[in-house]
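Make a model of the complete structure from these sequences and hints.
One letter stands for each residue in the lines below.
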Amino acid sequence: MNRTAGVLKMHWRDKWVWIYVPWVVLLFSFAINVIIGVLINGQENINSGGIASIYVYMFIAIAIVQAQTFPFSLGMNIRRTDYFIGTSLMCLLVSAGSSAILLLLSVVEDLSDGWGVNLGYFSLPFMSDLSPIARYGIFFIVMMHMFFLGFVITSIHRRFGRNGLYVFFTVMLLLCTIGSFAMTYYERWMDLFIWISHHYLGLFVWMIPLIVVYALLSYGLLRRSTVS
Amino acid sequence: MNPIVEVNRLNKTYGKDTVIRDVSFVIEQNKIYGLLGRNGAGKTTIMHILTAQLFPTSGDMLVFGEKPYENNRVLSRLCFIKESQKYPDSFRIVDVLAVAASIYPNWDQKYALQLVEDFRLPLKRRMKKLSRGMLSSVGVIVGLASRAPLTIFDEPYLGLDAVARNLFYEKLIEDYAEYPRTFILSTHLIDEVSNLLEHVILIDAGKILIDEDADEIREKAYTAVGAAQQVNKLTAGKKIIHQESIGGMMTTTVLERLNGAQRREAATLGIEIVPVSLQQLIVHLTGNKGNGKVAES
Amino acid sequence: MGPIMDDGRPIFIQIAEKIEDDIIGEGMPEETQVPSTNQFASFYQINPATAAKGVNLLVDQGILYKKRGIGMFVASGAREKLVEKRKEQFYEQYVITMIHEAKKLGITTDQLTDMVRRGDGLK
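Each protein sequence line maps, in turn, to chains P, G and D.
If you're matching positions, the first sequence starts at 1 in the working numbering and goes up one per residue.
If you're matching positions, the second sequence starts at 1 in the working numbering and goes up one per residue.
If you're matching positions, the third sequence starts at 1 in the working numbering and goes up one per residue.
Everything labelled a hint here was simulated from the structure, so no lab data went into it.
The C-beta atom is built at its ideal place from N, Cα and C for all residues, glycine as well.
Misleading hints may appear alongside valid ones.
[To be verified] Okay, derived cross-link-like pairs now, DSS-like style, lysine-lysine, Cα gap no bigger than 30 Å in a straight line:
no., chain 1, residue 1, chain 2, residue 2
1, D, K87, D, K103
2, D, K53, G, K31
3, G, K233, D, K104
4, D, K85, D, K53
5, G, K86, G, K124
6, G, K31, G, K110
7, G, K124, G, K110
8, D, K18, G, K171
9, P, K15, G, K124
10, G, K31, G, K171
11, G, K16, G, K207
12, G, K233, G, K220
13, G, K171, D, K67
14, D, K67, G, K31
15, G, K124, G, K67
16, D, K87, G, K220
17, P, K15, G, K110
18, D, K103, D, K85
19, P, K15, G, K128
20, D, K85, G, K220
21, P, K9, G, K16
22, G, K238, P, K9
23, P, K9, G, K220
24, G, K171, D, K53
25, G, K128, G, K110
26, G, K233, G, K207
27, D, K66, G, K171
28, G, K110, P, K9
29, G, K128, P, K9
30, D, K18, D, K67
31, D, K66, D, K81
32, G, K86, P, K15
33, G, K129, P, K9
34, D, K18, G, K31
35, D, K85, D, K67
36, D, K53, G, K220
[What the hints assert, rightly or not] Listing some non-contacts, in silico: residues in chain G with all C-beta distances to chain P over 12 Å:
no., residue
37, L62
38, A98
39, M134
40, D161
As structure tokens, this is what we get:
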């Protein structure tokens, strides 16, 4: 029997973490935005950014899922490789499905003039001229990015323990500090913002190699991880 | 001789701590093994290494003739049930059984459900809410119903009451008779399992002390009970692993096979010869006073 | 749990002895089938391989024999053979020990035979 399928099945049994909770969180935040929209009678253009909640949720969810299912899977004598592939597939499926619903909701939002109250929730400002495929692509890539960012961070924890995580964050913080200091010193912040404003779609494309790097790192770390 | 596990000079160290020291042994097919020893002797570490969940510091090992690390040909024939097994928070007993069913090639779902009934487990209850004994029962059920060619139980009956433990032994023998396979039972409750074991590997402080057939071990030692003077006469110059005296009486446990001549000598000296149980022998060998290393004999 | 075994002696020998006892006590008449090793194993809660070893010990001694495809049977003449063997053991196990104990207590041979007679008078 294919054991990757077994891992997929294991994740699939936990529909609450993967499917129900993120949508409850998102729809709850959405409902609040709609209520605000109704209260102010749609006089102002609301752009809440509340859609980020599902992305933040996925980032946290994968960390919890990995912390609980990796020791369980190894305990069930599953290969680390099968665990990695099965879990990645689950992320892919959930991202694909969630993005489809997000796309649908964003189209409805456009057609309904922001749910009748001028609310921009699912359809982000820069998306208005994008094709549905491009919108879908953005939803999907960002979600995969969040998943694998969470995945790689928990994999560092799995492999090197809490101290490994401290070292990692210290190094990241240092790099960021040095980077921002350099940017300030050479007065390049404006250049950066201008570049981003022209190339923001490029940012999403650049997430793809980043996802691949995270995935490879996670795999490498899990291969050397142990449970006891 | 049909070895399915061959371990050669295994070592495991954590920093300066050596937990496993030059351990070598062989596990043959379709036998029930006891991996015995005190808590912290290194039993659990050895089993984690065998199943590729931990990495050895040095040494080789083959399971079903191959290296187990990331090897599905090996891992799919293994089932390792450990006392410290973690389960996802949301999982209920049914979920664990369903996952096991999709992972273990020989899984018998009907048998698993029968065992759930025998052990009186609430199928729909979350693993998080189970008592220690119920958790152990779930492990026992997964281990038995997996019908894996090599099934390893590490302290499988933590928290189980006497009735449930007996049920476990009963089911184990029954199912083993019907579907012969290799079992490794690791435990420090030796008295209860000693009759089930065909072969015993005794670990103490990361080293192997005994690796022998259980019946051989039972004849390895005897206890002489009688007047101190006479007992001393009988046991002089022999390897004494335990000695106690009260008043003029003395009991001395000797690590040696008793032959007919000695038995007659004991009778003429008025000494009673008492057999030594596996448990007693192991207590004497691994207790703080124990000084016997008998692996070479 | 099944009847308790004495953990200090090889289990297979104890199994063989239990079967012997049953044959001598006529619980297992000659030419009847003996329980399978698996039945012995689950009754006494012991390893089936050990039970088989005990049964084979009796096969080697001609006490039990195998009918192909059916199972183990008690051989004819098995009981007599066992009784003879036990009589020899009786001397070693009981008589010698008894005499030793008697000497320790200063019981004379005459007193001892008297005691045996008296014991025999009991039911």
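Earlier hints that do not hold, by number: Violated hints (numbers, rising): 15, 21, 22, 23, 26, 38; every other hint is consistent with the structure.
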